[in-house]
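One-letter residues, chain by chain:
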Amino acid sequence: MTALRGLLRKEIFHILRDRRTLTVLLALPVVQVILFGFAIRTDVNDVRLAIVDPAPDDATIALRNRFASAGVFRTVAVVPRAADLDPLFQTGAAQQAIVFEPGLAADLGRGEPGHMLIITDATEPNTGSLLQAYAQAVVQGYQQELIAAGRPSAGPAPRSAAGPPLAELLEGPPSAGPALRGGPAPRAVAIVPAVRLRFNPTRASSNLFVPGLMAFVLTIISSLMTAISLTREKETGTMEALLVSPLRPWEIIVGKVAPYLVIGFISVVAVLIEARLIFHVPLNGSLPLLLFEGGLYILVSLSLGILVSARTSSQRVAMMGVLLATMLPNVLLSGFIFPVESMPAPLRIVSYIVPGRWFVLIARGIMLKGIGLDYLWRETLILAAMAAALLIVSTRSFKERLD
Amino acid sequence: MSTVVVEALVKRFGRTTTALDGVSFTVAPGELFGFIGPDGAGKTTLFRLLVSLLRPDAGRASVLGLDVVREYRALRQRVGYMAGPFSLYPDLSVEENLRFFASVFGTTIEREHARIAPIYAQLEPFKTRRAAALSGGMKQKLALCCALVHRPEILLLDEPTKGVDAVSRREFWDLLGTLKRSGLTTIVSTPYMDEANRCDRIALIHRGRLLAVDAPGTITRAFDRPLLAVRARERYKALLALRGHEHAHSVYPFGDVIHYTDERADAPADQIGQELRAFLAANGFADASVEPLAPTVEDTFIARTAESESRISNPESRIPNPESQIPNPESRTGSS
Chain L
2 MTALRGLLRK EIFHILRDRR TLTVLLALPV VQVILFGFAI RTDVNDVRLA IVDPAPDDAT
62 IALRNRFASA GVFRTVAVVP RAADLDPLFQ TGAAQQAIVF EPGLAADLGR GEPGHMLIIT
122 DATEPNTGSL LQAYAQAVVQ GYQQELIAAG RPSAGPAPRS AAGPPLAELL EGPPSAGPAL
182 RGGPAPRAVA IVPAVRLRFN PTRASSNLFV PGLMAFVLTI ISSLMTAISL TREKETGTME
242 ALLVSPLRPW EIIVGKVAPY LVIGFISVVA VLIEARLIFH VPLNGSLPLL LFEGGLYILV
302 SLSLGILVSA RTSSQRVAMM GVLLATMLPN VLLSGFIFPV ESMPAPLRIV SYIVPGRWFV
362 LIARGIMLKG IGLDYLWRET LILAAMAAAL LIVSTRSFKE RLD
Chain C
1354 MSTVVVEALV KRFGRTTTAL DGVSFTVAPG ELFGFIGPDG AGKTTLFRLL VSLLRPDAGR
1414 ASVLGLDVVR EYRALRQRVG YMAGPFSLYP DLSVEENLRF FASVFGTTIE REHARIAPIY
1474 AQLEPFKTRR AAALSGGMKQ KLALCCALVH RPEILLLDEP TKGVDAVSRR EFWDLLGTLK
1534 RSGLTTIVST PYMDEANRCD RIALIHRGRL LAVDAPGTIT RAFDRPLLAV RARERYKALL
1594 ALRGHEHAHS VYPFGDVIHY TDERADAPAD QIGQELRAFL AANGFADASV EPLAPTVEDT
1654 FIARTAESES RISNPESRIP NPESQIPNPE SRTGSS
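From first to last, the protein sequence lines stand for chains L and C. The opening position of the first sequence corresponds to residue 2 in my numbering, with each subsequent residue numbered one higher. The opening position of the second sequence corresponds to residue 1354 in my numbering, with each subsequent residue numbered one higher.
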């Protein structure tokens, strides 16, 4: 036991002395959250909206008010003709345009379908379809209000009516189905689907990336640092001295790896706190469960790091090995950035053996859906099996000799 | 009973490299035993085999009566090993390094104070200094201290003085002498021929084979040819000229002189000296001086490698270029 304690103390000295690496290790998660949160967001705010309203009436004013109060749209131009839109789109001054036909209120009043055109800049397809969905939600909200008021063929909507914020439109009001509750509609036969997005109604990307980011940070700290600290012993020649000592392989491994397990845990907690404070990412499920799953994932990553270090003898090669074997798959194939569902079949099959995929699923389940082990036992079991298998393989691969 | 018994040890790396090619020797208890040979001779491989870090492909080795393959765990408790390159933690202080290696063996500096005191006394003024900032000699003393801290029954030091200045080397060997007087069996390897005389017995090792195993004095006495040192201003031209001499056996540069051995083993050195002086004068080296010389371990080594090589393979390389076999110029100017 003195041997293991000595080993741990030495490793802590190494970590504390290497200020630069320690700073990077501790700052990395914090900076990553901010980077992903602000710079690499995939959700849209501040949509530049152009409006073509040749003959304003009650209905168009009401809709324009609703767009204005939805919180994400900013009207940059109101032009009389649709032809005037081209330069706005070409210069990028507008991202989206609403074109009203003259006499919208009149059409609605007669019970005929009103016509409007939504034009969206789809240069970035994801952003484009997101904008499209936002705009439709606003229009639908207005339509539902008309139906709920019992006059699908109604007269003028109240001029001053400010619509609800977008989040509420997308999630739906607290009580279910305003469309169904609506009074008997004399002539309405249209089926109006009410669309609701659950767990992440505004599709805030921060809610999506934080679980993935935890996987990423844990991979860096656990796999990379383990591999580097083990191969460093080989480079300095001290591994020879450790091997020619009564230390058992497992003692060497535990002594080298345990400090990084602690740092990994600290980082996870830091990411969670930061995501909560800055981006209001919810933690709907149980924190202990999340930390337990994090622990499992750390074990998987540590084992991968040990495995890589057993096959390399320099820090540089180990770094490349970890990058290829763990970081790339965990970033690209885990669903952290690119959804697994939209991958081609072969890659989707590969993604099954990427530990990050399972951890991201679990973390999203716990944080956003608030579900527990009763739903996540399968993923947890897979992660636990991976951890057990990799731990056994990696300790076996750790050689007690040099050949 | 011998402390170390090695029989016909063979170690290969890959298909083409044979690092050790049938090495056999024994080391008696309390002996200071040295392996002398250039880089690449197989010294490090041999040491790693002896401390159980490598497994032999053939032959067997036992240290302290323990088989290095089967009983490696028990063996590792009892050997002190200092690997070739500096193998301490550069970012830890002198004291922290020592404390760590003590803890690995389940002991403390305080408990082992008596054993390491003579060496640690020299290190103590620098005990808070990081190992990276120590001088080469100090680093090696610290490494020795770390190898000794668990009271090993045998010490294996792989090239402990390599790359260390001449004064520190002498101090290091003085320490080894102190340890020897306490009865510790020590095996040490070195590329410096001049250090051979500090050992009880030495083994000359070259290309994975032992050329000779004996006391240094006995080995040089076995040098059976007249040896002369030649000084000339144009050294290289003189060397080429001497190689053309009809009785030359081997001619090689040695520091700033030329060593010449004659193939007539029984001829008196004075007579050969006169012959050479006349030969050099006739060849235009009027300033040349010639003196008979007592052979050193290095001369023996060069002679033996030349012999073993002409025995093994191509007869054309009967007189190898000794420059390529002597690893470090220091060895030629060192005191022996």
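Honestly, the hints are just simulated from the structure, not real lab data. It is possible that some hints are incorrect.
[Claimed, not checked] Covered by chain C, per the in silico footprint, the following chain L stretches (three or more residues, Cβ under 8 Å):
#, stretch
1, 5-17
2, 235-249
3, 391-404
[Unchecked claim] Derived pair list, reagent style EDC-like, types lysine to aspartate or glutamate, alpha-carbon separation capped at 20 Å:
#, chain 1, residue 1, chain 2, residue 2
4, C, K1590, C, E1644
5, L, K235, C, E1644
6, L, K400, L, E252
7, L, K400, C, D1420
8, L, K400, C, E1644
9, L, K400, L, E236
Heads up, the beta-carbon is just placed ideally off N, CA and C, and yes, glycines get one too.
Self-check item: Hint numbers contradicted by this structure
Solution: 5, 8
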